[in-house]
Amino acid sequence: MIIDLPRFIATERPSWTELEKTLDRLQAEPNRALALDEAKRFHFLYQKVSADLGRIATFASEPELRRYLEALTARAYGEIHETRERARSFRPAHWFFAEFPRVFRKHVGAFYVSTIITLAGVIFGGLAVMLDDEAKEAVLPAMFANHMGDPAKRVAMEEKAKKDRYSDKHSMFASQLMTNNIGVSIKALALGMTFGVGTIILLFYNGVILGLVGIDYILAGQGVFLAGWLLPHGVIEIPAILIAGQGGLMLGKALIGHGDRMPLTARLRALGPDLATLIGGVAVMLVWAGFVESFLSQYHQPVIPYWVKITFGCVELAVLVWFLGSGRRKDSAPSDAEVGA
Amino acid sequence: MNSELRIRTPEGIAFAYQLAGPVARCMAWGVDLIAIIVIAQGVNSLLSVAGYVSPDFATALTMIAYFVVSIGYGVCTEWLWRGQTFGKRIMRLRVMDAHGLRLQFHQILMRNLLRFADLLPGCYLIGGVAMVLSKRAQRLGDLAANTVVVHIPQHAEPDLDQLLAGKFNSLRQFPHLEARLRQRTTPEEARLALQSLVRRDDLDPDARVRVFAELVEHFKTLVTFPPEAVEAMPDEQYIRNVVDLLFRPRGAASAKAAAA
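Chains as they are written, first to last, in the numbering used here: chain A, 1 to 341; chain B, 1 to 260.
Isolated chain A (complex conformation) (with noise of 0.2 Å):
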């Protein structure tokens, strides 16, 4: 094919130079929706450079123009056949009220397959603890060094303790906790990509830890110092871990992809928003879990009435509990389409 590219590229400026201020402004602008005859005029538009773009594509002295037209048409496709929603402004409260526990819902099968194998793993350590009496100094690792011991020496101690001894590190306290426990979520989530088998062990190894301090402490009658304990802080960071394993557990589901017709890539596109929803929303139960366990766990009757730390914990997972499951019936309600249909 011949053509006069001067004569060409004259004509042809006006409707390239029009499509990447389209292109600018959608993306300086991405919540703005075009209007009917302005989405037809850019149809058309990457249209018309596409089939430019074909022209130009045999013509071998121009690779300047040619690389020129292939990077508007990269962009004007990535807009043109982008079939998900459009990211809308980002509204915290409800992403965090509605979409958050909207998604866990949707998915909430995995997360019951997360609480099963944490509460295997809570069954094994506390079997372990009850069965054998070194089992505590071979599983639990160096930052639960303060367990190791007896609990009912532990408990006394405590409740000793006259002054403030978190006055001067709350706040370091509470920062380790956050980043410590985000960075084990973070870890659930991840370990995702070994077909779930990582996210699996790392629950399960939770769990183990858990059913061999709180079985210790209950055998040895400290049952009440647990409760006010592990309460406050508990009833949000353990679901806030369970939550990162049922994400794991999702991702797993999704690479090995039984009973789904779906491709791989088809299936791990689907997820990833709901993904990122529920590592976010796990992370802001973590920020609270840590105040709370810094700023009021520590502290033990007298201090702090052991009724008071277990009613907040007791109200505390009835609010998480409404929380996370308020919306089931709008979840369940037929849509607008399907009540048309």
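By construction, these hints were calculated from the structure, which means they are not laboratory data.
Predicted model only: the values in this text are computed from it and were never measured.
There could be a bad hint or two in this list.
Calculated pairs, SDA-like style, for lysine to any residue (alpha carbon to alpha carbon, straight line, at most 25 Å) [unchecked claim]:
#1 A:K187 x A:F204
#2 B:K167 x B:E236
#3 B:K220 x B:A232
#4 A:K136 x A:K187
#5 A:K187 x B:H106
#6 A:K169 x B:T62
#7 A:K48 x B:A14
#8 B:K135 x A:G257
#9 B:K135 x A:E70
#10 A:K169 x B:Y66
#11 A:K21 x B:E11
#12 A:K187 x B:L125
#13 A:K169 x A:F144
#14 B:K135 x A:R261
#15 A:K21 x B:A16
#16 A:K21 x B:L101
#17 A:K40 x A:D24
#18 A:K21 x B:W79
#19 A:K187 x B:A65
#20 A:K169 x B:A40
#21 A:K169 x B:S54
#22 A:K187 x B:S70
#23 B:K135 x A:P263
#24 A:K187 x B:V75
#25 A:K187 x B:W29
#26 A:K136 x A:E158
#27 A:K106 x A:G325
#28 A:K160 x A:I218
#29 A:K187 x B:T77
#30 B:K135 x B:L103
#31 A:K187 x B:Y66
#32 A:K169 x B:F67
#33 A:K187 x B:V69
Start from chain A and add chain B according to the hints.
Showing chain B alone in chain A's frame:
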């Protein structure tokens, strides 16, 4: 592992991106690591002021700042710079949606959070192996987020006027053959001829003679110029004339000559 990501639009137009390999990505990551350390140090210095109010509060802020910088660096830079970090900018790399569509925030977040799995058991071993085995050079984070990392080609063109200046081009006497040459030559062939001229001084004398002989032989199969126009013309001069015809349109060349 393929070296190209080819995208074919429903309109029948195809374009390709060059995929970034493990070495380029590793170097970009090294630069990013330095950037993270520098930013974290800078933030720590700023936050040390808070130590005058409360040492506990300052330590807490420092811990949180380091955590946020180490995790948020990749997310923020890739989101604000449309798929690039400091390291990727220097190495001319960019993160893209694997289907050429618009890169979304959740994709950037996931590929950065799942870096942890790629790092296992250390030094990006799993990520590196995944990249080598993957058809699109994707680490696990890229696979989950449906992203790829591509090279951004360097667009600088050689100075053709300097390369071709002052040389009489006998092939220009045949406009119909010139037009046919421009029509039949593919962009790749044109680029090959141009690059052979640009890099001719880097070649050994024997290789230089052989390369230009092969190119002449090839271009003669595309268009045959009359013998009187190419008689006694060295191969290198023939290719110089061909490049002149391909890259400098008739109007532009004559305007330059008149100006000179």
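Here's how the hints hold up against the structure:
| no. | hint | verdict |
| --- | --- | --- |
| 1 | A:K187 x A:F204 | holds (14 Å) |
| 2 | B:K167 x B:E236 | holds (12 Å) |
| 3 | B:K220 x B:A232 | holds (15 Å) |
| 4 | A:K136 x A:K187 | holds (24 Å) |
| 5 | A:K187 x B:H106 | holds (17 Å) |
| 6 | A:K169 x B:T62 | holds (13 Å) |
| 7 | A:K48 x B:A14 | holds (15 Å) |
| 8 | B:K135 x A:G257 | holds (19 Å) |
| 9 | B:K135 x A:E70 | holds (23 Å) |
| 10 | A:K169 x B:Y66 | holds (18 Å) |
| 11 | A:K21 x B:E11 | holds (22 Å) |
| 12 | A:K187 x B:L125 | holds (16 Å) |
| 13 | A:K169 x A:F144 | holds (18 Å) |
| 14 | B:K135 x A:R261 | holds (21 Å) |
| 15 | A:K21 x B:A16 | holds (23 Å) |
| 16 | A:K21 x B:L101 | holds (18 Å) |
| 17 | A:K40 x A:D24 | holds (17 Å) |
| 18 | A:K21 x B:W79 | holds (21 Å) |
| 19 | A:K187 x B:A65 | holds (19 Å) |
| 20 | A:K169 x B:A40 | holds (22 Å) |
| 21 | A:K169 x B:S54 | holds (10 Å) |
| 22 | A:K187 x B:S70 | holds (15 Å) |
| 23 | B:K135 x A:P263 | holds (15 Å) |
| 24 | A:K187 x B:V75 | holds (17 Å) |
| 25 | A:K187 x B:W29 | holds (20 Å) |
| 26 | A:K136 x A:E158 | holds (20 Å) |
| 27 | A:K106 x A:G325 | holds (11 Å) |
| 28 | A:K160 x A:I218 | holds (20 Å) |
| 29 | A:K187 x B:T77 | holds (22 Å) |
| 30 | B:K135 x B:L103 | holds (20 Å) |
| 31 | A:K187 x B:Y66 | holds (18 Å) |
| 32 | A:K169 x B:F67 | holds (18 Å) |
| 33 | A:K187 x B:V69 | holds (17 Å) |
In the structure shown, no violation is registered for any of the earlier numbered hints.
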